[in-house]
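Between the sequences and the hints, there should be enough to build the whole structure, so can you do that?
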Amino acid sequence: MDERNILSVTEATQYIKTMFETDIILNNVFIRGEVSNLKYYHMGGQVYFTLKDENCQISCVIFNNSVNSMKFNLEEGMKVIARGKVSVYERRGQYNFRIFEVQPDGIGALALAFEKLKKRLYEEGIFDDKYKKPIPLYPEKIAILASPSGAAVHDVIKVIRRRAPWAGIYIVPIVVQGETAKESIVEGINLINKFKEVDVAILTRGGGSLEELWSFNEEDVVRAIFSSIVPVISAVGHEIDITLSDLVADLRAATPSQAGELVVQEKTIIVNNIENMEKRLKESLKELVYSKKEELSELCSGLKQLLESKLNSVSVKVGLFKEKLNLLNPKTILKRGYSIVERSADRLIVKEAKQVNSKDRLKITLYKGKIQADVV
Amino acid sequence: MPKKENNLEGMMKKLENIVGSLEREDIGLEKAIKLYDEGIKLAKECTNELNKVETKIKELVSEKGKVKIKNFEEA
Numbered sequence: 507m508d509e510r511n512i513l514s515v516t517e518a519t520q521y522i523k524t525m526f527e528t529d530i531i532l533n534n535v536f537i538r539g540e541v542s543n544l545k546y547y548h549m550g551g552q553v554y555f556t557l558k559d560e561n562c563q564i565s566c567v568i569f570n571n572s573v574n575s576m577k578f579n580l581e582e583g584m585k586v587i588a589r590g591k592v593s594v595y596e597r598r599g600q601y602n603f604r605i606f607e608v609q610p611d612g613i614g615a616l617a618l619a620f621e622k623l624k625k626r627l628y629e630e631g632i633f634d635d636k637y638k639k640p641i642p643l644y645p646e647k648i649a650i651l652a653s654p655s656g657a658a659v660h661d662v663i664k665v666i667r668r669r670a671p672w673a674g675i676y677i678v679p680i681v682v683q684g685e686t687a688k689e690s691i692v693e694g695i696n697l698i699n700k701f702k703e704v705d706v707a708i709l710t711r712g713g714g715s716l717e718e719l720w721s722f723n724e725e726d727v728v729r730a731i732f733s734s735i736v737p738v739i740s741a742v743g744h745e746i747d748i749t750l751s752d753l754v755a756d757l758r759a760a761t762p763s764q765a766g767e768l769v770v771q772e773k774t775i776i777v778n779n780i781e782n783m784e785k786r787l788k789e790s791l792k793e794l795v796y797s798k799k800e801e802l803s804e805l806c807s808g809l810k811q812l813l814e815s816k817l818n819s820v821s822v823k824v825g826l827f828k829e830k831l832n833l834l835n836p837k838t839i840l841k842r843g844y845s846i847v848e849r850s851a852d853r854l855i856v857k858e859a860k861q862v863n864s865k866d867r868l869k870i871t872l873y874k875g876k877i878q879a880d881v882v
Numbered sequence: 059m060p061k062k063e064n065n066l067e068g069m070m071k072k073l074e075n076i077v078g079s080l081e082r083e084d085i086g087l088e089k090a091i092k093l094y095d096e097g098i099k100l101a102k103e104c105t106n107e108l109n110k111v112e113t114k115i116k117e118l119v120s121e122k123g124k125v126k127i128k129n130f131e132e133a
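So the protein lines, in turn, are chains A and B.
Heads up, the first sequence is in this note's numbering, so the first residue is 507 and it goes up one at a time.
Heads up, the second sequence is in this note's numbering, so the first residue is 59 and it goes up one at a time.
By construction, these hints were calculated from the structure, which means they are not laboratory data.
C-beta atoms are modelled at their ideal positions from N, C-alpha and C, and glycine is treated no differently.
One thing to keep in mind: the hints can contain errors.
Here are the simulated EDC-like pairs of lysine to aspartate or glutamate, each with C-alpha atoms no more than 16 angstroms apart in a straight line [as the list claims (entries may be wrong)]: (1) A:622 <-> A:724; (2) A:624 <-> A:784; (3) A:785 <-> B:81; (4) A:792 <-> B:95; (5) A:792 <-> B:84.
Chain B regions said to be covered by chain A (calculated; three or more residues, Cβ under 8 angstroms) [to be verified]: (6) 66-78; (7) 105-116; (8) 119-129.
What follows is the structure, encoded as structure tokens:
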């Protein structure tokens, strides 16, 4: 045995490590497997776990800076594809897989991040209908947040112009994809709220992949739409692309053109509506006048009836009086054979014999005719 | 949002309210005529508003924290 061929443990380990690290394949490799024995080290920020399949397993580590750029959290049992290099942990004499990036196997990282954020915001209640602001029925100033050169803005303008030529259009140019998009969209929403004059805003962008539409799924954007005082209609992507902006917006349009249709009614419909209301005004006034007339004529006839019944009762009374008077009429007594004796000289009605002297002339009134007589 | 009463939204709402209260029957003739006149006037104003034509498209940009209005050049 040649002394020079004997290595120390350290030397051997170093040599093994160099072998791993200079290997073309192991230096940058994708490994598919299932996560187990997951351990987070909050202090160091790194994550340790084991990737395994039916037969084998490999120790893995993700260092701090790679953990921060991950769009989802690892979970026990999750199937992932990880890219990294195989290296050696000298102190334990173990090889491990140092991961640069990891994505869920089957479903993309963004899709997973989308689902997670959606679930969290949903639980927070941000998508609740009770927070949806009403969209004005007759907006006169409409803001369009869009890329000023894209097709989406053009589509929205075309529809609004056709349907509502009276409406003022305010374009708020925003970046709709890439690194600066999130900030740009948030700024745009803040701008219209600062401007205070627009009645409603449309946030729009043409179709794209989940990556391209990603800014519309950013939490900051979702929260900016949520807190906007100006109602927001979102029209992001095609009908099948639903972003979190669509969910939080006060109204969702499937396409940019549909946003234009939702935001303003056809002029003819509004004009019809106004004409209809005018008609209703006229009708109800006419009806009111008619009903007042009716009321009046009813009152009149009531008054007439009242008067007639009063008159009737008076005439009945008059009849009764007449009868009474008739009974009291002295003529009625004469009819029964009595007569009235008057002293002709002074027309005194004679009631006692001593009222009459000899030679007085008397007038005797009978039921029929009169007699003159001299007292002897 | 502007809270002006004399914009289309405000006028249309007012008109609808007037039609509504005129259609309720418990209203005096004098009041009814007043509402009617007001309603007809509003209907006319709304129609005038709709007949306006806004041709220019504006652009809103933020400049040093202030809102600036420019003319928008459609591509």
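How the hints compare with the structure:
1. A:622 <-> A:724: holds, 12 angstroms
2. A:624 <-> A:784: The hint is violated at about 48 angstroms.
3. A:785 <-> B:81: At roughly 12 angstroms apart (the allowed maximum being 16 angstroms), residue 81 of chain B and residue 785 of chain A satisfy the hint.
4. A:792 <-> B:95: holds, 13 angstroms
5. A:792 <-> B:84: holds, 15 angstroms
6. 66-78: holds (count 7)
7. 105-116: Held - the segment 105-116 of chain B has 9 residues with a Cβ nearer than 8 angstroms to chain A, which meets the minimum of three.
8. 119-129: Our answer is that it holds, as 4 residues pass the Cβ test (under 8 angstroms) against chain A, meeting three.
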